[in-house]
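> Residues per chain, in single letters:
Protein chains: 2
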Amino acid sequence: MPRSDAATLATLATPALVLDTSRLDRNLARLRTRMAERGVTLRPHMKTAKSIDVARRAFPTGPGPITISTLAEAEYFAGYGYRDMTYAVGISRHTAERAMRLREAGVDIKMLLDTVEQAAIAGEAGRAAGVTPAAFIEIDCDGHRGGLLVTDPKLLEVAAALEATGIALAGVLTHAGESYALTSEALEAAAENERAVAVDAATRLRAAGHECPIVSVGSTPTAHFATALDGVTEMRAGVYMFFDLVMHGVGVCTTDDIALSVLSTVIGAKPEKGWIMVDAGWMALSRDRGTAAQRVDQGYGLVTDPDGRLYPDLIVACASQEHGTLAIRSGSSQPLPELPVGAKVRILPNHACATGSQHERYHVVPGPGGAVEAEWPRIRGW
Amino acid sequence: MPRSDAATLATLATPALVLDTSRLDRNLARLRTRMAERGVTLRPHMKTAKSIDVARRAFPTGPGPITISTLAEAEYFAGYGYRDMTYAVGISRHTAERAMRLREAGVDIKMLLDTVEQAAIAGEAGRAAGVTPAAFIEIDCDGHRGGLLVTDPKLLEVAAALEATGIALAGVLTHAGESYALTSEALEAAAENERAVAVDAATRLRAAGHECPIVSVGSTPTAHFATALDGVTEMRAGVYMFFDLVMHGVGVCTTDDIALSVLSTVIGAKPEKGWIMVDAGWMALSRDRGTAAQRVDQGYGLVTDPDGRLYPDLIVACASQEHGTLAIRSGSSQPLPELPVGAKVRILPNHACATGSQHERYHVVPGPGGAVEAEWPRIRGW
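Protein chains in written order, with the numbering used here: chain X, 83 to 464; chain C, 83 to 464.
Derived by calculation from the structure, the hints in this document are not laboratory data.
No copy labels: a pair is met if it fits in one copy or bridges any two.
Below 25 Å or equal to it, Euclidean Cα-Cα: the simulated DSS-like pairs (lysine-lysine) are:
1) K236 / K352
2) K236 / K355
3) K426 / K355
4) K352 / K426
Since the structure is predicted, the reported quantities are computational estimates derived from the model, not experimental observations.
Assemble the whole structure, with the sequences as input and the hints as a guide.
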């Protein structure tokens, strides 16, 4: 909703989640253009934003294809006219039944599975609801999590089970989850591997007589480092909308691309220790320490002034529930900035999905120095 | 609210936050008795539970003294008749003004500060609202976060500033935050240090002519390991209500005392890797890895069956947003249990405050095997 008062980042109550729409729009355009050039459908993952207002920036001309991580997201976006969605988490009986209620209501929700048992569950759920389910077979391209290896005989067994139980095979889906642990040098190869594995799986299914219309790959790093996408029909990515310090560490974005930050107020200091205390602890920042395993550990986040200018080497070194401790990064000779009680700072998050989930709404600014133009609610739960 | 249907842990949609009230009541009684024996007021910290229903278990005969970590908590509990509260986060102008609106409404909310600047801010907020503010001076007992050292000349300067600006000195407050990093051997000494520092600060203030009615200490570990509490008037603790794996690692509780868990459903497996996939990822468990620094690293949590019986050495080894990967702890020769798609497990959390905050409500069970008796909402935000 638009704000009726004239809030600015100087007057907003803290801690508050701030979304910079100039950066958001730039990030959205970057991947949209990249995929359009390659003739690949972009199916944004809404698990990061969880917001209809952000979805509308991604799809300015009306609802498009989306990926979702919970059925709460599915039902929410369906309520705004989104009809083409992939539920990218393996199903159980309860979720299959709930997904089929959406399908009954006209939503083309595609499920994800990798076992014959799940095919049976999905088939029963479809019959009970009087609809034809659609499902992806999950493929494992890098040993990250779930999915079948392309060489696993179960690939064809699951496809046969889908056919036998009257489920439409939507296609194959894979996710290069290990790409988050890589750096730019290795990402081109990870993207090519993700592509090649997915296409290989589709080829094997087609050779066995199965239609396999969609070949779906994706992660924010591989989406930005893929050179060729031959045989791939769609790309999934979520965090690319906002970016974050983990993605910066991976080499996908600059800190100037990070659209999400947490506005915070200084509430104390320990000059003898080089500490400044702020009112953003892990409740506002999340417990995510994704940069701890990267070349540069950003603590709980990098600190900027309200206009987004970085304080050199100033990080959130510690976080308790409602307290953050700012300090100069270990090994740096930068001076601690003068930040009296009441001063405002912004904190760039390690992981946009996790930090976003700690908040009920975005406070939307058009760029540095602007007024808060709107509040955009986020959804949560399952 | 009581549930009208007959939900059980077998039928509840997952992931779901489960609260065992037999364990909750036992934990509440344990510290209540301990403090009563020592003649010390227990002022529970509501930052862990964030629930009026849990508060009512802590205070069965009506609202008592509480600690709060956000003004959203303060306003929520004030709405249920809680009038005596300590806001245990350092103030800034905005929070002081908001706290004074509560004071105007008859809530005895006590603020926390450690600078002359904050005393001026609190004084102005009080004058603007036409009320007399009350504030604690924060004392640093272990170098953990904020507060003044007892030997710091600022202690008396801040007390003088409070007097000069017409603020009532509520007392001194300290928090042995470093106690979470200790183990039981060191906790008795940490508790004694917390006590001695707080009493020393009060003694110095009284010697300078200031009334210092409250001497407030607290953390869950020190609350349970303190032998004497001479000179202390009140104890603050929050996580003791639920306990968690970090507290288990510290030595304050057994796993059978942990009242909070996340119910989850099996959605896949990778037997060749020794993995079972469940639908509780970090969104349901939080990103808290507090046990990583302890003797036993519990991953993202220890796994039990729906009745609360531990699977030996089965932990949540990895977590992505909506996926958890169960695996046998590294180095253990325990077999992976048979858990087919659809099986339910419960996950004991590393950190109850963080895991709780990922959920909108508690699903309340009276103990192992019981039906879900009620849903208790939680609040969030600031």
